[in-house]
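Each chain is listed here by its residues.
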Amino acid sequence: MDKLRTDAKICGMGHSMKRKEDPRFIRGKGNYVDDIQLPGMLYMDIVRSPYAHARIKKIDTEAALKIPGVLAVIDGPTLEKYKLHWMPTISGDTQMVLPIDEVMYVAQEVCAVIATERYIAADGADAVEVDYEPLPVMMDPLKSIAPGAPVLRKDKKDKKDNIAFHWEAGDRAATDRALAASDVVAEQHVYLPRLHVASMETCGCVADFNSAEGKLTVYMTTQAPHAVRTVFALVAGHVGLSEERIRIVSPDIGGGFGGKVPVYPGYVIAVAATVVIGKPVKWIEDRMENLQADSFARDYHMKVSLGAQKDGTMTALRIKTIADHGYTNASANPMKYPAGLFSICTGSYTLKNAFCEVDAVYTHKPPGGVAYRCSFRVTEAVHAIERVTDVLAQKLGMDPAELRMKNFIQPGQFPYKSALGWEYDSGNYPAALKKAMAIVDYEKLRKEQKERRARGELMGIGVCSFTEIVGAGPSKDFDILGIKMFDSAEIRVHPTGKAIARFGTKSQGQGHETTYAQIVAEELGIPASDVQVEEGDTDTAPYGLGTYASRSTPTSGAAAALAARKIRAKAKTIAAHLLECSEADLDWVPGKFFIKGVPDKFKTIQETAFAAYTNLPQGMEPGMEATHYYDPPNLTFPFGSYICVVDIDRGTGEVKVRRFVAVDDCGNIINPMIVDGQIHGGLAQGIGPALYEEIGYDEEGNVFGGSFLDYYVPTALECPNWETDKTTTPSPHHPFGAKGVGESATVGAPPPLANAVVDALSHLGVTHIDIPITPEKVWQLLKKAGVAE
Amino acid sequence: MAKHKISVTVNGAAREAEVESRLLLVHLIREVFRLTGTHVGCDTSHCGVCTVLLDGQPVKSCTVLAVQADGCSVATVEGLEQGGKLHAVQEAFTEKHALQCGFCTPGMLMTTSALLERNKSPSEQQIREAISGNLCRCTGYLNIVKAVQYAAEKMHG
Amino acid sequence: MIPAPFDYHRAGSLEEAIGLLSRYKADAKLLSGGMSLLPTLKLRLGSFGHLVDISRIASLEYIKEEKGMVRIGAGTRQCTLERSELIRSKYGVLADAVPLIADPLVRNRGTIGGNVANGDPANDEPAIIIALGAELVARGPKGERSIPANRFYKDLFVTDLKADEILVELRIPVPPPRSGSAYRKLKRKTGDFAVAAVAVQLTLDAKGAVERAGIALTNAAPTPIEAVEASKFLAGKTPSEDVIAKASRLAADAGAPSADRRGSVEYKREMARVLAARALRAALERAGGK
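Chains as they are written, first to last, in our numbering: chain A, 108 to 896; chain B, 589 to 745; chain C, 47 to 336.
Note that these hints are calculated values from the structure, not bench results.
Beta carbons are placed, not taken as given, at the ideal position from N, Cα and C, and that holds for glycine.
Simulated pairs of lysine-lysine, BS3-like, Cα-Cα distance not exceeding 25 Å:
#1 C:278 <-> C:200
#2 B:591 <-> C:75
#3 A:884 <-> C:233
The following residues of chain A were derived to be distant from chain B, with all beta-carbon distances above 10 Å:
#4 281
#5 283
#6 341
#7 386
#8 442
#9 545
#10 589
#11 604
#12 605
#13 699
#14 704
#15 720
Chain A on its own, in the form it takes in the complex (with noise of 0.2 Å):
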């Protein structure tokens, strides 16, 4: 879609529209959970437990009730009264929402104070005094997976060891024998430590029950608002509350990223305080409590092999994956998937032989996995290809980019059919690494790197081309709890032409209230400014699966398009009515029905939609709107080529990122400049990973990066500027061939990085090194090369 093909007044596909829902935010008059005060609400505040695996020996609330002002203390025993002390987890698992005698991660929940106040509340908290005992810890996947390792699960009768789940997908025979066929094989272990989203907002909720109306409202951080409240409605349904009387409100979330999917315990405690007490509890983590018990992400141990003739062309991909998911399997993924897309690990190459398999064990840490702007384990998927691609270049002495391009999946090929079994809807890869490498200048770069090593300086080019897989999902393959992961759009037009437009989807900070507008207004002409957009409260909006893992362009933008050419269908009848003529004279442009031919005799939009309220055609049904659920058909296929270029201080180890370019293919934009800031801050978000931020554990289950003294979120001071294109390759399966971008700078940004510093170092005869890459890390590979200042 090259041209626009609305004004700037109707503002449809391809505007950078300025956003709809800035006016609120600059003005600091947004909406957020810990904004909301209702009369006679209570504070709630968590104990959480100092030890990763503990046994509760009592918990002394004695001196915490005697404040005045602290009303309840919860806990597990209070909880088991009414069977929520457990609940089951997006991935079929359970976890404990409170302990009733073991606690099994830092920062687990132990009980929570309700009291009037905030600070009371706090000071409850503090005076709580639980008695722990002490158990011995299992920290490390490796010991916990090994035969006769000590059972972490006692609550799972019959179970004798520490996996969670083994999930696998490809011919290993196969693999295993084009490897063992090829010229050349690269090996290597990449792991990607424990990250955290860390939006700005915490989570939080106020739970309301309305004892006389016997309904519960919530306002919570969820991205997925429909989901949490069926969850509810099963998981406490004996405790009498029924789905109708339900309502989840996700109001202005201060950022999601996939932090903000789980229901976690400190939701069902508030809920559970409410429906008791019957007044609201408002329940909002501080950023500890954020960092050290919400869902983590990453904790993928990989031992990637890829086999290649001697010419450099692929043959076979092997990954063997340890997953660390913490005590529990708490990610959110579709139920089919246990680990995600990971299968996408092929990457943008023609691999005729793939086998991936993953091992998911229990270990004494939060449980999580699937956040921080993965696409479902895509992250980790594109990180391993990326790398050991490189790895591969290196260990044939060829040119990186020329290996990528050598082994495209070339544009004549799509529908490509992988070895692992997706089939990507479109792309043209090597489009995307040329262009990458005319804005760097790829040449030059290289020239001079040659001249800076001479004098002993160390310069590295990093590139990576990412194939990322978005929009789940078709309900074929895609459920999540059994919930087909669809999603849906609701547009009514009103008499005098202006519109109202509700989605199953929930906006963070991507600009929905803007883009779906301009979708309508792209389908039917209404100008965007026109068309009020809403998500998140499930008493209106129509039921949808939520935002995240990029999918809400791909499902819900669908939904909107095809429930405004509903709308449209119908428009074109009342049109023809109205200019006494039939609907095969007429033609559109965005905005009128004209007679073909008599450009002047015409009727918009506006007024068919006064005709729908006014002067029908006989029979019709008055009114003007439409809904749709859409069920894709397929996954959609974004893709990039990011290239990087580092200077390392040899004397420290410090890696300054002197240029980031990123060439990113979303098919056809609504918004370029919602586009370009959801890749900036994929960019941010990259290089965070890919530099500064981990959380970890010492063998005891101490934890580091729990707060933000020690996990290291970037700065201004510590993002470059970056260097934004694109390519175009629409999705031929998508009503208006877009793609979906949201998480494709995360995915492609930490490979480059990692294989820009390798390649600064490859000289030296370093050819590998893990995320983050701390200064210490690549002074310890300098000073093992002997280099140094």
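Since the structure of chain A is already known, use the hints to place chains B and C on it.
For chains B and C alone, coordinates are given in the frame of chain A:
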């Protein structure tokens, strides 16, 4: 523990409150004065989403006691718009798409409005340094830098 | 996130502040910029019944040059130091360091007195004032006394200040001609404390040999460390690359860093060496040498 009577000028208006010694300025603003544009984002004074102007200086209001603001002027994001006219930085942030989820935005606006009072034409490096105490997870900072440059141009030509 | 309850007292004068300290003793804590104290209280890592706020005592905020000294009031905010032409022109080490302390918002509140009197070796200004050969002036019920910076730090969070004393002033000798100073700091990211950092002050004689060298390390031990051996080694020598290399090695060896997430002992030691060399070269260039 004794309470303290304090007088604070908030966005030009005289306000009074009786507060505990330990009440944080951010909670005075959000919960006592009900100006919820200023946010709380961390517990170690790193993130800057709580930034307000205290006697014209951008500070982290989560790391100032309400009692310390007695007799001072506090400017929050709600006070940037004057007489229905947005501050140049507010317009610039929209113009340049310098916000996404909006949670860090009030803090960013306060820091950058104060920057442009001090420095009429900051360089890119100076802008990045000035906002280095304000974390953002959504924008990657580039558009924020562009917005400040745009606002500087509009304010001072 | 929420501090435990305490009583707050705003001192209108130093006398009032000292009186409150004398009265409440170990249960009282001075509140200056609050950028170290308040985070500690919010995490409930320390608690005090009484906070004595001295940040409104205007007489504690000044930077003035007199009688061969620059006198800085302990209540002077970091941002004031950052913008001071006097500091910038005379003390390269402070001009280098202050913009690297925390972030600009923190620097609008934090004071040099707080940075120096906290006894935290991770703060930057303790090593700087040692390298500059500064004196600290403390006032208590019995009057004022002067303490050389290199005798001020006793242990982690323990300084020579008594419970009823307040740090009121820093006195830094105005450097003679042919002097230069520099600070080099390695940190994981903006706002973090140093992985390693070194403060250097050099004065050269007419022939270009070192007349005085003050070198101190940040975050390399429970207290800031004066690199005495390195200074002694440099005295009288012309700072060639070889001399600088040896001096840096001696400076690094003076530290006893502990391993943590910022680095291993080996790395921190080596970085102290690398940074000492860089700081020495920069100071030398500012002194007009090489």
